[in-house]
Amino acid sequence: MVNLILDGQSVEAEEGWTILDTANYYGVDIPTLCYVEGLSAYSACRLCVVEVKRGVRSRLVASCSFPVQDGIEVKTNSERVRRARNVIIELMLAETPNSRTLQCLASKYGVTEVRFKGEDRNCILCGLCVRICDEQMQGGAIAFAKRGIEREVSMPFHKTPEACRDCGACLYICPVCELPCMGTLQPGELCNACLDAVQLEPFPSGD
Amino acid sequence: MAENKTSGIAEFVSRVIEENGAERSMLAAILHSIQQEYKYLPEQALRDVAATMEVPLVDIYSVATFYTSFSLEPKGEHIVTVCMGTACHVRKSPMLLEEICRFLSVEPGGTTEDKSFTVETVNCLGACAMGPVLVVDGKYYGEMTAGKVPRILKKYQKEEYPPEPEAMRLRSPGELSGYRDSVQQTRYSGETSVFVCSGTGCQASGSLEVLESMRLELKSHGLNGKVMVRGTGCHGFCERGPLVVIGPDNVFYQKVKPDDVPRIVAETVINGKVVESLLYEDPTTGEKFEHKEEVPFYAKQNRQILGPNGVLDPYEVDDHIARGGYSALAKALFEMEPEQIVDEVDRAGLRGRGGGGFPAADKWKACRKARSVDGVKYVLCNADEGDPGAFMDRCLLEGNPHSVIEGMIIGARAIGASHGYVYVRNEYPLAVKSVTHAIKQAEEKGLLGKDILGSGFDFEISVSRGSGAFVSGESTALMASIEGRVGEPREKYIHTAVRGLYVRPTNLNNVETWANVPLIINEGAEKYASVGTENSKGTKIFSLVGKITNTGLVEVPMGITLREIIYDIGGGIPNGKKFKAVQTGGPSGGCLPESLIDIPVDFDRLTEVGSMMGSGGMIVMDEDTCMVDVARYFLEFLCDESCGKCTPCREGLKHMLNIVVEVTQGTATMERLDLLEELAEVVRDTSLCGLGQTAPNPVLSTVKYFTEEYREHISEKKCRAGVCRALVTYEIDAVACTGCVRCLKACPSGAIGGEKKKPHTIDGDKCEKCGICLEVCEFDAVIRK
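The listed protein sequences correspond, in order, to chains P and D.
Counting in the working numbering, the first sequence runs from 336 upward without gaps.
Counting in the working numbering, the second sequence runs from 279 upward without gaps.
Incorrect hints may have been included.
To be verified - As a list, the in silico DSBU-like pairs of lysine-lysine whose alpha-carbon atoms are at most 35 Å apart:
| hint | chain 1 | residue 1 | chain 2 | residue 2 |
| --- | --- | --- | --- | --- |
| 1 | D | K1044 | P | K452 |
| 2 | D | K393 | D | K353 |
| 3 | D | K533 | P | K388 |
| 4 | D | K643 | D | K535 |
| 5 | P | K388 | D | K770 |
| 6 | P | K388 | D | K643 |
| 7 | D | K982 | D | K1063 |
| 8 | D | K393 | P | K481 |
| 9 | P | K494 | D | K533 |
| 10 | P | K481 | D | K609 |
| 11 | D | K504 | P | K481 |
| 12 | D | K982 | P | K452 |
| 13 | D | K426 | D | K504 |
| 14 | P | K452 | D | K551 |
| 15 | D | K609 | D | K566 |
| 16 | D | K1047 | D | K417 |
| 17 | D | K856 | P | K452 |
| 18 | D | K770 | D | K856 |
| 19 | D | K1023 | D | K417 |
| 20 | D | K353 | P | K481 |
| 21 | D | K533 | D | K566 |
| 22 | D | K770 | P | K452 |
| 23 | D | K1063 | D | K1034 |
| 24 | P | K443 | D | K770 |
| 25 | P | K481 | D | K551 |
| 26 | D | K417 | P | K452 |
| 27 | D | K426 | D | K1044 |
| 28 | D | K711 | P | K388 |
| 29 | D | K770 | P | K481 |
| 30 | D | K353 | D | K566 |
| 31 | D | K504 | D | K533 |
| 32 | D | K995 | P | K452 |
| 33 | D | K393 | P | K494 |
Claimed, not checked - These stretches of chain D come out as covered by chain P in the derived footprint (C-beta under 8 Å, 3 or more residues):
| hint | stretch |
| --- | --- |
| 34 | 864-875 |
| 35 | 912-925 |
I should point out that these hints are in silico values taken from the structure, not numbers from a laboratory.
Note that the structure is predicted; figures quoted are calculated from it, not measured.
Note that beta-carbon positions come from the ideal geometry of N, C-alpha and C, so glycine has one too.
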């Protein structure tokens, strides 16, 4: 067993668990986007960052892939985590304003403003579709193409390859191409309709 | 032409796959061959590759679109590449690119309609001392100006492989030292020797022609065989190339042309006299120096790693052996236990030269201790030197590849690895060639491969070529790239020393780090550690470039001050300009102002002040450099090179760039500057890999040390360096203007009007603010406001 401190509480975790596994076990809420149980961890969206302190040094790590270690102190809702998380939600919303998942995250975590000018790309490049196609469906029909700001999920040469069986798993798992958020349309706009209803209570973060 | 070849695609692809093997790790090499043959990757070829190698087509499509060396669009017959590295940028490569595109009527990245030229940009070719640099079909042209463009777009030069020596396997340390003696006696007995620098920088100034004339001239005097001639690796003083050094006294000639060769042979080689006019002359004092060691550029250096570059033919393993090469290997194999090797490196205090400065011995220990499922461990050499403005690794690999190979074998022995890879940038064709050749020679000599020197230790090295992605220099991305996948990083909460290449324990060190290893083994940890500061031992190689009198490669003891490097070795700032900043650490580093140039060069001290050692680019900036523009430059570079996997790096850098562009255009507010800082901190805190985590450094350091310049751009709409085009205007002083029509003819946008002998005027609407008029005017009549 591994002993660590999670949001001020001493807890035990199984060897090999990630911080996210541990938090889920103890009912501590950490938001995730590119992580889904059953698919490999990708550590790309960075929404699940938590603060890990070992000795005097503390840093932000992706809880979905960071394996628990003896003696670490984890804070899932410190000032540093909240600031980073909110900027990340803001960055994703700038490009994907009509995702209900993201709009709800904004309300939940109190993001009330998008300060970045984006364009509606309708994809957050979380890679869930790519991984479900490859890892669960043995499809290998879609993948990331290009890099940096031009990165996109693509089929080879933009043509449906033989490998695609039209199984629909990619659509099923996509956090963006669901029913759109009804409150907003344009990049930079926020719905915030349920801001007061769902916003988090201040969390005992042990700060 | 590509069209005629399309019918043979299937045969070509199957032949290439047969030659390389259908291993996934050969994918990049296979795609490189196809790209080279057809000048692009035809869709049919990729389908054939997928089918033959049994890899999903989409994976190959991913790889083909990720790396910039590959193109899915047909390209022109001639590839014109303009370097956009930092050093070239501060020497106005954007203007050069503009002129080339205008001349060929093509956009950057595009191909001319007749498919004869493709114009590309590259983020640093590592020929920084010669900047701005233009490459046409692999031939380098240094110190380019817009005016030279039309003349150049034709030439092509074929390179030859030097003759290969006969192979003879060495089976023991005794045979190695016996062979060394015989090589020294038979081949290097001549008293006089001629060393012609053939590094990329000197080649760009025409050193191959000098070398050829030298061989012919000596032959005509019947001196071939009596005088040793060597085309060597980089001597470092690229600014003054082509360089020729005459041994044994090291008479140092600079800016040598083929026409000078007969005089050098007649006077120096035959009569031992010095040709005055070719000596280096101090530009300020006018003093001339005869010998290499006396030249101020070399005098303060400690060239323990770079030194052999100047006397070795990189294609001759015998040169390396004659100078004591592979003696450290013999010692490590026969006189030391693996633990002792690690201990020696530990006590020497060797820290990684690739950027972070992580203690090499700690990595080695972790990798040595790590368990491998099948006993296989890997040792890698990172030669993906992507930092714009840095080229020391290129020079070492080009000029002295055996020192790197020797270091790797010793490391492999210490760690217990059986296979190694050298991962080299594709933008360094000479380095690829030289290291590939050196590996082959070392294998033939029994210094690499099975049963090295009869010790029973097996270790082999393969070369893996990068394909144009800066992020592939990151350790996990580099390993993915070697495995034939997209070179994007992954989390390394479990270190690569435990789980690296092919999920095996893997040790990665940079070229310069490996080159230090034989030295440590040969002279011992204590002697090695006597150079340097408390926590940074040995020497560090820097590429000193930008607005500096003596550009080139310098190797200095750790602890030397930046001022000593810039003023004593570098000769200060040219043209009487004022020093403004020095940038170290490439896109991960920062810009340091004049108030900090007395700090010692040391891993920890540089990090403390917001920069870093990095791989060793040192770019000097003068008063004509705008610090906001520098921040914009690095952000553009990083946006271009980000793999796009994680949100903060991909999206965050894009928005940081947007804000900095607003500043350069005078449309930003102070609140936006605060947002820039907030965003920078989040990107640093949350990015997945080192690229994103350090990407904000150029911005944060310029905001910190040059706040005033940001404020001026925002509040006063003023760019004091006159770089930010939106904030400057050009006018002609009617009194000073003589009406010589030079500016009128030079203006590419036709914005200057007027007649001969009457003052000219600039039409503000047409003016593109390129500044060419200011450069060509001889009467100081063009004013920039």
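When you check the alpha-carbon spacing of K452/P and K551/D, does it fall within 35 Å?
With a Cα-Cα distance of about 70 Å, the restraint between K452/P and K551/D is violated, given a limit of 35 Å.
Next pair to validate is K711/D with K388/P; report whether the Cα-Cα distance is within 35 Å.
Not OK: K711/D and K388/P at ~47 Å, beyond 35 Å, violated.
Given hint K452/P paired with K995/D - CA-CA distance at most 35 Å
holds (22 Å)
For K494/P and K533/D, compute the direct alpha-carbon distance and say whether it is at most 35 Å.
violated (56 Å)
Between K770/D and K452/P, is the straight-line Cα distance small enough, at 35 Å or below?
Answer holds: K770/D to K452/P is near 32 Å, not above 35 Å.
Pairwise hint evaluation, K481/P against K353/D, where the allowed Cα distance is 35 Å at most:
Between K353/D and K481/P the Cα gap is close to 18 Å, so the pair holds against 35 Å.
Given that the stretch 864-875 of chain D was listed as covered by chain P, double-check it with a C-beta distance under 8 Å for 3 or more residues.
violated (count 0)
Tell me if the straight-line CA distance from K443/P to K770/D falls inside 35 Å.
holds (31 Å)
Straight-line Cα separation of K481/P and K551/D no greater than 35 Å?
violated (60 Å)
Next pair to validate is K481/P with K609/D; report whether the Cα-Cα distance is within 35 Å.
Roughly 48 Å between the alpha carbons, so the hint for K481/P and K609/D is violated.
Check the hint pairing K426/D with K1044/D against an upper bound of 35 Å on the C-alpha distance.
Distance of about 24 Å is within 35 Å: holds.
Does K417/D sit within 35 Å of K1047/D, going by the straight-line distance between their CA atoms?
holds (31 Å)
Checked against the numbered hints given earlier, the structure breaks hints 3, 4, 9, 10, 11, 13, 14, 15, 17, 18, 25, 26, 28, 30 and 34 and satisfies all the rest.
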